[in-house]
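K.L.:
Two chains, two frames, some hints: make the complex.
One letter stands for each residue in the lines below.
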Amino acid sequence: EDKVVQSPLSLVVHEGDTVTLNCSYEVTNFRSLLWYKQEKKAPTFLFMLTSSGIEKKSGRLSSILDKKELFSILNITATQTGDSAIYLCAVGQGSGSRLTFGEGTQLTVNP
Amino acid sequence: DGGITQSPKYLFRKEGQNVTLSCEQNLNHDAMYWYRQDPGQGLRLIYYSQIVNDFQKGDIAEGYSVSREKKESFPLTVTSAQKNPTAFYLCASSTLAGSSYEQYFGPGTRLTVT
Chain H
1 EDKVVQSPLS LVVHEGDTVT LNCSYEVTNF RSLLWYKQEK KAPTFLFMLT SSGIEKKSGR
61 LSSILDKKEL FSILNITATQ TGDSAIYLCA VGQGSGSRLT FGEGTQLTVN P
Chain P
1 DGGITQSPKY LFRKEGQNVT LSCEQNLNHD AMYWYRQDPG QGLRLIYYSQ IVNDFQKGDI
61 AEGYSVSREK KESFPLTVTS AQKNPTAFYL CASSTLAGSS YEQYFGPGTR LTVT
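Chains as they are written, first to last, in my numbering: chain H, 1 to 111; chain P, 1 to 114.
Think of the hints as simulated: they come from the structure by calculation, not from any bench.
Beta carbons are placed, not taken as given, at the ideal position from N, Cα and C, and that holds for glycine.
A hint or two may mislead.
As the list claims (entries may be wrong) - Calculated from the model, a selection of chain P residues having no Cβ within reach of chain H, i.e. all distances over 12 Å: (1) 12; (2) 19; (3) 20; (4) 30; (5) 32; (6) 41; (7) 94; (8) 114.
To be verified - Derived CB-CB ranges, DEER-like: (9) 17/H <-> 88/P: 40 to 46 Å; (10) 9/H <-> 7/P: 30 to 36 Å; (11) 9/H <-> 57/P: 25 to 31 Å; (12) 57/P <-> 44/H: 25 to 31 Å; (13) 26/H <-> 98/P: 22 to 28 Å; (14) 79/P <-> 17/H: 45 to 51 Å; (15) 13/H <-> 51/P: 42 to 48 Å; (16) 16/H <-> 95/P: 36 to 42 Å; (17) 56/P <-> 51/H: 36 to 42 Å; (18) 112/P <-> 16/H: 23 to 29 Å; (19) 60/P <-> 5/H: 45 to 51 Å.
Looking at chain P on its own, in the form it has when it is part of the complex (with noise of 0.2 Å):
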């Protein structure tokens, strides 16, 4: 089966602490990006990568980190600077051919942190 994965559906952490959330794609997509989703908002886009070791920030990068060591992987590291890092976190990919915008969700991971 094709498709996005995300792990963990939930995860608790302290403050303080930096926490790494998993993303890994088997639809062979170039383009990789990281969404933040808060109650009564859209998604606000952290990171994207569009090739392996590459990636750009988007409108919300600050306290977040990214790799893009391989094309199926692109993990998102919450670190302790990320002021409000309690949220819904999801992430997505697409294809860079043609003229479609359309992004593949995952199931998303609800990070809480106390």
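Bound conformation, chain H alone (with noise of 0.2 Å):
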């Protein structure tokens, strides 16, 4: 059965502070793994990983991806109160459409 597992379930830290998201999986046929923020409601689009040890990065954020351990870390830094959001982790297989989604990590950013 495929499976995307995110790590920690909810993380609660200070501004300024820098956190690592963590998504595993185990899936077949891997094609790509795509991060997402939901705030509120819609989820929006932060990476999409193909290749193993090429860094994304926007801004203070940053993400990578290891197809031989089979994860990725979504890294934060200088956490913000308006990084607080679910953190979402997907992965893309086959030559199908559809992505299957770990459970999010809940992040609290406190003043």
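P.N.:
Here it is as structure tokens:
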């Protein structure tokens, strides 16, 4: 059975802290791994990773994929209260378009 | 403005009634998806469609039905057979061109059944 597991499930930090969110997967025919941020309603796209070892970066957020060890991390440096959200990891498989999502990590950044 | 719209934002129904959630997109995307999200859980796939007049069951299709008569529209019906219908429902769409798996999400419908 295909599985995407995120850890931790919830995390509370103070503004300015650096956080690392984890996503591991066991799926057949892996194609890509995606990260989304969900604040109140619609998840918004952050990164798509397809190659091992190549870091994707956007401002204070960065992500990297390890296809040998089957995991990805999402780093957020100098956290702000606006980073409070659920962070979702999803995996795309095969030639189809469907994604398999993990449970999400609820991040709370306190002032 | 291109995007995905879902209506209504909040929906209340009595147990035993069928209810239909609307999802429309003007992104010219071929594929559309319905997800369910419960508190503390990620997104679980209900149904998806990659072409008009065709759709596939996701991981939790029991108690739900869909149709795809137009490219832009993918309504979801929550039937009375769905045992725990109260949840947050998200619709998404994506292109099938190239190798992008990125899905674009609507604002969601929160369904409460009492």
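K.L.:
With reference to the structure, classify each hint as holding or not holding.
P.N.:
Hint-by-hint comparison with the structure:
no. : hint                       : in the structure
1   : 12                         : holds (18 Å)
2   : 19                         : holds (19 Å)
3   : 20                         : holds (20 Å)
4   : 30                         : violated (8 Å)
5   : 32                         : violated (10 Å)
6   : 41                         : violated (6 Å)
7   : 94                         : violated (6 Å)
8   : 114                        : holds (22 Å)
9   : 17/H <-> 88/P: 40 to 46 Å  : violated (29 Å)
10  : 9/H <-> 7/P: 30 to 36 Å    : holds (31 Å)
11  : 9/H <-> 57/P: 25 to 31 Å   : holds (28 Å)
12  : 57/P <-> 44/H: 25 to 31 Å  : holds (27 Å)
13  : 26/H <-> 98/P: 22 to 28 Å  : holds (26 Å)
14  : 79/P <-> 17/H: 45 to 51 Å  : holds (46 Å)
15  : 13/H <-> 51/P: 42 to 48 Å  : holds (44 Å)
16  : 16/H <-> 95/P: 36 to 42 Å  : holds (39 Å)
17  : 56/P <-> 51/H: 36 to 42 Å  : violated (29 Å)
18  : 112/P <-> 16/H: 23 to 29 Å : violated (39 Å)
19  : 60/P <-> 5/H: 45 to 51 Å   : violated (18 Å)
Checked against the numbered hints above, the structure breaks hints 4, 5, 6, 7, 9, 17, 18 and 19 and satisfies the rest.
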